[in-house]
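For the protein sequence lines, the chains are A and B, in the order given. Numbering-wise (the working numbering), the first sequence opens with residue 1 and increments by one. Numbering-wise (the working numbering), the second sequence opens with residue 1 and increments by one.
Wrong hints could be hidden among the right ones.
Below, in silico cross-link-like pairs of lysine to aspartate or glutamate (DMTMM-like), each with a Cα-Cα straight-line distance of 25 Å or less [claimed, not checked]: (1) Lys241/A with Glu309/B; (2) Lys163/A with Glu309/B; (3) Lys307/B with Asp255/A; (4) Lys144/A with Glu282/B; (5) Lys241/A with Glu311/B; (6) Lys144/A with Glu306/B; (7) Lys312/B with Glu166/A; (8) Lys241/A with Glu643/B; (9) Lys679/B with Asp588/B; (10) Lys247/A with Glu306/B; (11) Lys266/B with Glu43/B; (12) Lys260/B with Glu90/B; (13) Lys533/B with Glu612/B; (14) Lys266/B with Glu681/B; (15) Lys174/A with Glu309/B; (16) Lys593/B with Glu612/B.
Read the hints as simulated data drawn from the structure, not as lab findings.
Chain by chain, the residues:
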Amino acid sequence: VMASGYSAKEEDGHHSGALGPAGGAAVRSRKPDNTAFKQQRLPAWQPILTAGTVLPAFFIIGLLFIPIGIGLYVTSNNIRELQIDYTGTESSSPCFACSQNYSWNMTTPCVCSVSFSLDQPFESNVFMYYGLSNFYQNHRRYVKSRDDSQLNGNLNSLKEPSKECEPYRTNDGKPIAPCGAIANSLFNDTLALYYNDPNGTETQIQLVKRGIAWWTDKHVKFRNPVGDDSNLTAIFQGTAKPVNWQKPVYELDSDPENNGFINEDLIVWMRTAALPTFRKLYRIIEKNSSTSPTLPRGNYTLKITYNYPVRSFEGRKRMILSTISWMGGKNPFLGIAYITVGSICFFLGVVLLIIHHKYGSRSSSADLTH
Amino acid sequence: MECTADTVALLWMGRQLPLSPGHFTVSCFYYTIWNFIPKNLFEQFRRIANFYFLIIFLVQLMIDTPTSPVTSGLPLFFVITVTAIKQGYEDWLRHKADNEVNGAPVFVVRSGSLVQTRSKNVRVGDIVRVAKDETFPADLVLLSSDRAEGTCHITTASLDGETNLKTHFAVPETAVSQTVSKLESLQAVVECQQPEADLYRFVGRITVSLQGEEIVRPLGPENLLLRGARLKNTKEIFGVAVYTGMESKMALNYKCKSQKRSAVEKSMNTFLIIYLGILLLEAVLSTILKYAWQSERKWDEPFYNEKTEQEKNSSKILQFISDFLAFLVLYNFIIPISLYVTVEMQKFLGSFFIGWDLDLYHVESDQKAQVNTSDLNEELGQVEYVFTDKTGTLTENEMQFRECSINGVKFQEINGKLVPEGVTDDSPDGYMPHLVRVLLHQTCTLSSCFFTGEEELFLKAVSLCHTVQINYDQTDGPRDTFLQANGVSDPVEYYASSPDEKALVEATRRMGVTFVGNNGENMEIKTFGRSEKYKLLHVLEFDANRRRMSVILQTPSGEKVLFTKGAESSIFPHARSGEVDKTRVHVDEFALKGLRTLVVACRRFSAGEYEEVDRRLHEARTALQQREERLAEVFSFIERDLELLGATGVEDRLQEKVQETIEALRLAGIKVWVLTGDKHETAVSVSLSCGHFHRTMNILELVQQKSDSECAEQLRRLARRIREDHVIQHGLVVDGTSLSLALRQHERLFMEVCRSCSAVLCCRMAPLQKAKVVRLIKTSPEKPITLAIGDGANDVSMIQEANVGIGIMGKEGRQAVRNSDYAIARFKFLAKLLLVHGHFYYIRIATLVQYFFYKNVCFITPQFLYQFFCLFSQQTLYDSVYLTLYNICFTSLPVLVYSLFEQLVHPHVLQSKPALYRDISKNALLSFKPFLYWTLQGFSHAFVFFFGSYILMGEDTSLMGNGQMFGNWTFGTLVFTVMVITVTLKLALETHYWTWMNHFVTWGSIAFYFIFSLFYGGIIWPFLHTQDMYFVFVQLLSSGSAWFAIIIVVVTCLFPDVVKKVLYRHLRPTSTQKSQVIEAYPGTSCLDSACCFSEGKSGFAWLGRLVERTMSRCDLARVTSLYVIFYTSEQHLFIPSVGTPPNPTPFLVLSAVRNSSMQW
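One chain only, chain B, in its complex shape (with noise of 0.2 Å):
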């Protein structure tokens, strides 16, 4: 391989390139079988909580600690362990799935024939043969294919899920080149790029060496087979392998999901740092209260305890480090080694639950909700904005042709036939000539006598410009059979990566202009049955910069023609002649019945002007530098001086329940921004239609801004009316344009009026604008949580900047799924996601955050006070094996059920009163009051574990009744068992959702720890060095004064929170609480459940009503009617308070009550 420049790769075709082997196995995946033990111990080590616990653990095994190395030790082994398992067992799904990839067997082309072997050998330059339905083993450039002309299909179904085929193409001078021998002669070489992750751009280019004559050809995506891809349609093709192994584009675009991190875990590490300063502080004032006690010699050493040589002669600053040292070892547990990894356990486990849920499987799709990370579940119960694209999101993205406006004459279609606006099918026949065509034309065989010129050189335009393929090819794939089974007259299947092209495309066939085939050089149309065949010159393909596409066609009698159809923004400018203007009002009025445009133009060359184009296309096709700039340059060159003949009105459908999710996530305090490439008034239409806008609101525009002064301007103008009229709510229309002007220099001006409209629309935006948008609100002083959902490409760059991106499986292509962190079939499932699932994973992970911090303060600080009464000397309150087990056997179960099933309200609940979801907002559960709520009550619980325990034996009393006494260890023990008892059932409170699972751990992790006590002090340990526990907790447990301060501790502990509980629950309620007693009485939740018995009163005082209420709960009428009345309630109490204005108006809540009415 010889390098000509340094991003220019240079390949000599047909030969063996020496490069290193195991350069080319794709290893995305992290690990092998060899390194993933030390690769995944400094993975695991790189995290600050596990590096802690590796310093800790060092430390205890260089100095005398107090703990032995065990304590910190196992439980870290045990966290690392459970993640390499896990993450191992990620790594070995993709091993898998890659082997599968790495080991097919492959042929190559080498010394002249062909030899069989595997992918992961195939070397840069090789030439590949690859058979119809294999995939490619290697990005490999086209060379030939069993085709005259070169060409080949593919799917890239496993690389972007687009399912449609696609024509990629060989250079005319290697498509001849159809056998092994041919290519044997082949003198070829061919430069690319360096690899890069863009599936869609490949630059490179092709010099043939041809008879001694050098011909240069540029290669891009188009003749790029990648890897992955899978060939269709085409028996055999050549190809030669230009990028291998980890370079390939596929492996490229395996990069690890960009790091998300979600609130709670930003929550959680200000936890941990609070705990690192806790611990540092319980450290150094220990270190110094040791040194003011030993300073007398009396108790530093006494006469009974002296110390070692050792000790008397090491260094006095030495010793100090020793010290701290020590008892930050003796502390280290109130930083909770296991809370990494149960967290990590519960967002894995409990991300299943999406996937799994009925609610959110298409049936008509066949999709279940799919989860990509698990990272951000408890970020669904955050998201303060959601940005939505519309089309695919809100809409079916299920194109269909409706309208056409035809030199100024706007056409309808009624049942396959092209019918003048103003005349509906019922007219009678032949009123209008234009009907009278419209009818007869389907008879009409032999020219397009019933079209005027005008319309059908409209139709042709539609119908040849367009990169729609047809899966000609009769008896392959599914889609045939299913298509002759159901005997559905379409002889032929169009696939357009576009369902805008399709449509139009099924529309023009059905008035009679059938686009027939593409055989890369010629395109073949049947107007009325009389077959047509265009010679395809060139293709300007779409991009979103420019919107637009074209095509250069030769027409039969010779002539060059542009066919370009797009934005109408992108078109009109370029217009020189056709009815403008009656068009640009069709135009307009097609939008506002929310109908997507399409503006299609042509323009004529003369044979002087088609050379040019032509040079100029070539030059910039093969250029090497700066080749996109270049043929943006030409595009915008050639799609000029158009000739308008048309628009048409595409219309899409709204997906059900679009409007009822809205409301939903609006009352949920969720403000919803709509993001879409669409013109302005389609997608004002769309948005009124989908009850983003409603009628009530004040439309503030934002649109058509040409300076940034005029913007400016308008913004002020928008923020004075908004602060005028305050009792109404607002919606604002931004467009592309002004949006780039606003943010440029007024983005504070534009986020105030923003945060005070209720609703956003922002329409033509360019993806990237999208990404910046949320980029904006994301950054903006509050910090909101952001959740983008879109289904397309263009949506990627917001799906990936949100917090939380979700993916629409759409049509058009897998990309956004891809790249999402959760994927959906349809926006209505965005309502359970959130409000449901959101709410549960965020109540149950931040309990779970703060019980671990909370059971391990109780853990630690027993500690901490038995220092002042043990000189301290480090002494340990309990034995070693406690320590250890504490957090990894006795209490990290029941948290981890709960974490994984707790309910606090019954899903219906919080779907159908979303304001719930206000309940958590702003990561309400770990702010600083709860959490400081926690702590207290962690330290509280351990003063009066640690001084129940020490009033009670400390008095120097005997506990037993055969008069003897117990020693330090009982004394551990006995706050040991009050703490595992009383942090058990402290959670057992936080509960509200008991399964059998819950009642399984939580009883079993406190008899647990009673039968492992009794196991553990029973036996004399053969390898211990110390009994220190033998028969200690038998003889606790023989003393019935120890049962008693048990009891009397734990209710001591638990009673307080009870009361609190309870007093709030009654005089401050949250909602939430609120919910979950009205919850008690729908007939299904009551059934299954204690609560409808216990529900609100108690004693015997209420038993009357209890009874009556019990007959009743399952009287319909009553339900009923219950709902009613709970509904036009929350109307009241909720839709005021969505948008800034205090004060809701009348009429709004009318509305609603009108509604809620009508729902029932």
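Pulled out of the complex, with its shape left as it was, chain A reads as follows (with noise of 0.2 Å):
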């Protein structure tokens, strides 16, 4: 009762106070402001949630979300992929007696092959990842097991590497290069894909090795050492190789653009994976013609040089032949995800609209009528 006349006086002060300040500043007053910041006046949107502004988000939500869902989950549905387990636990596999002798320094390195064949032809590029499962690159003792500023060059650090390396730090008293336990355990099998045409003839399928690691890792975070000398086991002189690897790191690949720490296959390694199962991309096959598919249907065969070993730890070795689209590889999650929000917004849309439609309108009459 009182109340309410009450803030109407109020408010008459309020607009009184507001023609007064700029007159009666000549006498200094302890007045406060009659600003808008200062009265907590300031001009403001107050939104306020109700069914009435909910709604229609919620059908632009929904009508918006299904069709996305549906696209995505059409373009990751257009997506070929193919995953080949070669591990070789099992002694039917092929790669059983490769993976049962277990040494970093076989002289003569184990190969075995395994055969597939594709119903569907692959169209454009074709990416060729290795997957391991069960190894956990993401282990913190692993992750932080690397020295930054030797990969990139650092002359200092290559002959003096970080303490974060160890135990692969030095070896016989020489720095090793590159230090650390991710640099060490680089993944080692070597791939190679053969198309079994049907009149019997196999013909490798030329896999191209650069352009599989992120340009800035590539160019800028990892760099050779630059000494007095161009030549590059001048430069690595006096370091160790990792102790599991069979050649030292100057000698990774003839290509003097793909070797020493800018080999894209070192670098794709040391990008240490978020999950214990992942896959780094290996080689892209590239669409050499318009009209003929990549990878045509039919038979072929997988070559592997078995050098990694994952029974120790029951890891799993994959080789993944996948297409890409602009969001990348097969992935229907996203698709779905949309398809499921977007269904979900526009049905509770509904449910909302009749519960506005027979609560709102009364609840709003109510404060008006009450």
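Hints in hand, dock the two standalone chains.
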């Protein structure tokens, strides 16, 4: 009762106050300034989440998300993907023999080949990945066991690697290059792909090994040390190769643009995976002609130079062939998520509409006529 | 300096006393430049939260932990720095104020001459000269002034805000030493008690050696000039410093405010403990699981990831502890480090709005609201009990003499004349003999011929028995120029610490008995122009326990008379003669009219009687031990066998809008208790007139209980009546004596009665009793939040006791204001302070606290989940820089701005619908349910962030158009990006009031995160030993899938919350939410907000109605009619539920409705 009259009066005070300060400023009074800020009257947008305001948003989200989801799902579904597990733990597996004798430094590499067939042709560029399971690249001890400064070509770090690299820091008193557990455990299987022509000939498919690492990694983050000599061998003089490696870092590839620290296989490996099951880009099969598919339908043979032991930690090794869309590899999750959320939004929109119709009008009128 | 006893310091006058320097600068403020850093750090680390983070930081420094020490060190540094800056700033202000005092030049008598020095160099025992209008540099005992009688005037405005002049005295033996040379030859010893903070207590004595003879004189507060007070109307004084520097009473009163903690802070600490529990649980769980995994070598140490020698060789137990600590460090961010600093900033900055509020500004007195502590802002929104003083709080404390009763005859003052009751000014002249006298008295110059003896004696008594001062230095002070400019006929201005006294002396002046002056020894009055001098022999000062004051005078004829005045209960029992019964009836009648009554009496001493009185008074006053008790004893010995002269009735007008305010508070669910020193009848009548008691209330009384058992019986009777008659509302009246009985034995019963009464009035309360009542309620089982509001020194204890203490800047000095948490000029401002500011602050801080915990749960839970996928190796999900900056950069500003500007309902609505206050009562937003909701929401959001990203990326597919792969850092960055956006938008959903600043910081924070990440990832940082984040963010953003993933995760997180909000609003709306909708109707709020367009309906179907509404929204008639309906319905809804009875009496509702229609 009185409170209402009260506030009305206060309001009056407000308005007179609004006129006041300009004139009354001459007399220094303690009267607070009548500014919007100090009076907490800043112009403001005051949204209220009612069914009324939210409903259109729900319908819009629903109507947007469902088509987006369908689009994403279709895109994902159009991607061809093939996975081949060549771990060789089962005795029937062609790589069983190789997987059994574990050794890093085998003089004669163990080679095994797995045959598979493609029911459908892979049309555009095909990306070849190797995948490992149960391999904890995200273990803390592992993740930090690297020296980015050394990999960036710093000569001091080359000779004096970071302590983080322990126990893969030095070997026989010589600094290891590249040091650390990550580099030491570089994936060293060699995969080769052959197309078995129906006429019986086996043609090796050209695998491109450039462009598999991030451009910035390749060109900025990883650099070969630069010495007086342009010869990598000379620069790496006085360093030791990682214990598990068969050859030193300056012999990783014959191509000088892909050798040493800027070897893309090394760079890819050095980007530690987030989860214990991961894949890494190995090679790219580029589309050669516009008429024929990159990988036509038919039988193929994967020849593996089996070096990498995974049996000790129950790991698995895979080879994956995949085409790529703008959104990456095959991933139905996004599409499904969009469709689901969109549908729920739409459905709830309908529910809210009903609620709004039944209760909304009642409650709003209740306030007025009670 | 010699010490004669433990409690007595002995000072040799006129000698330099060797005391360690530095003892004397006032350093109540905490810090100097030198000790600021160590001392401030020490203070800050005494806070549990800061200490916790310090420990975490040290752990990170000592052992190999997953995150670098920077991640907790930098936020800690930030928090400490911000707090230090704030505290340093506050301290600097204090320094600045104190430097003025400490550095002020002072003249000290040294080796026979005046020497200028700085006030901080004044030593105990120095004789100091202070000139007119200077402040005293230390607590001085007045030795002499330029006046022969050794008096001086001071104002203590800076100490207690009392602006009246106070007279202080020198003992006669030293008062003659008015020059430096005379002071040099003075031999005296001052003894005084140990320093004590009470401004109004000082006990000491001075022994003056005069020609080999030692004269002992008592020293009391009237001899002591307090540091900080100012000399007025006196050319110069000499005084000896007794307390200097830190020991001065001013410095002792600088004591830091009692630490009141708000309910929000308490729940905040509870939450902290809960989260600490969660943290420990997660850490223990992780450690155990880690060891479960590690038991197999293939997981613990596969060939590709061998341990170092050091790791292999370290002891298992150490390893275990270190692992546990490492997990603790990893998850420590779940305790939000910046919570405290944000809360502190919010409170500090937010409290400015109270002082800035024009609605809390009182034009007449030029006073704005004042915030003494910002710690309790949100407590203003939680008040359940208001304890209010009456005089000066509910009333103006602007006394106006109205009526008196002289010797059994009642008089009224009409136009400055005393008219017997029943005769008005309109009556024909000369009918009544009294009236003739009244009309003619001004022409009667020779004698008091027209007053009867009793009347004259009464008027003289009233004009003599007081401690009023006169500002007779006419050229001094602004007040006189004001008077002259206004041509006011008053020749003199009275200053009194008690407005009653002032009103009485002014009234007698109007009636012809003018108090002319008091020069310390004599009081001079002019009775109808004839001057009379009374020698002032003794003043028996007023005190709250005695509730009377007296003067002993020697009349011009040489008679020794005691005049006393005081509360009727303290005079009547001692009255021996006079019209006691008639006067008592009159006093009760005055009280019924709401007048403040004082009873005046006198006592004539025979010469022998006086000698005894004089001797006993002198003894008591010179006593060093138990002086107060002995004085009280002597006073009661003197003030007896009184001859009753009459009584006075002084009106104290109600402040404006008191009734409305009390009603508003009641609608808000706040119980209002009035605690007053007034007598029962006065209090009840004021209570009724200010709406505290309704006419319809059943008023229960617990008064004049004499014994314990009687009191208990009465209480039981009342309880029974309440039970029987539960429909009607009850009001309870308790008086001081009954209250103390009730509290002594029957506390529980009393509480039960009180709680079922909708209004309680306590009268005849002593200050400490007020505090006791407050404490009783405060500590009752429900622990309600209490607020005490008052204006006088007698309210200080209750103001300090209550959860929130509010001082009224009234006429009774500034004692209450100084001790309060908030000070306002008028009682009516309380409504806005509680209903609007309190509501806002509570909502703001509650959401702030909940949100802070929420966002840190969101932050750290993915880290925890990640451990399940990385063998519990403590690998962090996010980069160290992100860990560090999350709380201090990416998410700090939106919530701060929110907590400063949020207004969920328009302030006018809050004020006009007090019932909305109930929506937040009992700490509603921080109770267990909302806390659980926020926490669960935090956890579920964290799950969505993590597993959303996991499903997207973890299914080891490429997300980039060139087939390349992401690594663990990209994964963490994706989670982090989603999190920053979601958490920021979550706050946006909570925001109801979007000023440009909210927009700026909300979108700015997200933008800043992106810009910062691009920058941070765009450079090979020369001093970091890993470049984990190099181009990670750019690569993430270059992936289309990542963008789609960010959108879907954010929507998925926020979508259920929106649905919940909408459903609750429609199915179970709170009254606040209802009023948000209503709010859209009145014109003003509608014009500047978009809500009126989107309010209520949506879509195309309602377009027509929308247009109609938009068209009519400024239609005044419609708005008004809405208001009427609205308020009427409010009454229906809320009045009945105020009290305990569930059903309203029909009458009550009827009256409410009638009122509302009158209003409109």
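Hint check:
| no. | hint | verdict |
| --- | --- | --- |
| 1 | Lys241/A with Glu309/B | holds, 20 Å |
| 2 | Lys163/A with Glu309/B | holds, 13 Å |
| 3 | Lys307/B with Asp255/A | violated, 35 Å |
| 4 | Lys144/A with Glu282/B | holds, 24 Å |
| 5 | Lys241/A with Glu311/B | holds, 24 Å |
| 6 | Lys144/A with Glu306/B | holds, 13 Å |
| 7 | Lys312/B with Glu166/A | holds, 12 Å |
| 8 | Lys241/A with Glu643/B | violated, 117 Å |
| 9 | Lys679/B with Asp588/B | holds, 9 Å |
| 10 | Lys247/A with Glu306/B | holds, 21 Å |
| 11 | Lys266/B with Glu43/B | holds, 20 Å |
| 12 | Lys260/B with Glu90/B | holds, 19 Å |
| 13 | Lys533/B with Glu612/B | holds, 24 Å |
| 14 | Lys266/B with Glu681/B | violated, 42 Å |
| 15 | Lys174/A with Glu309/B | holds, 18 Å |
| 16 | Lys593/B with Glu612/B | violated, 42 Å |
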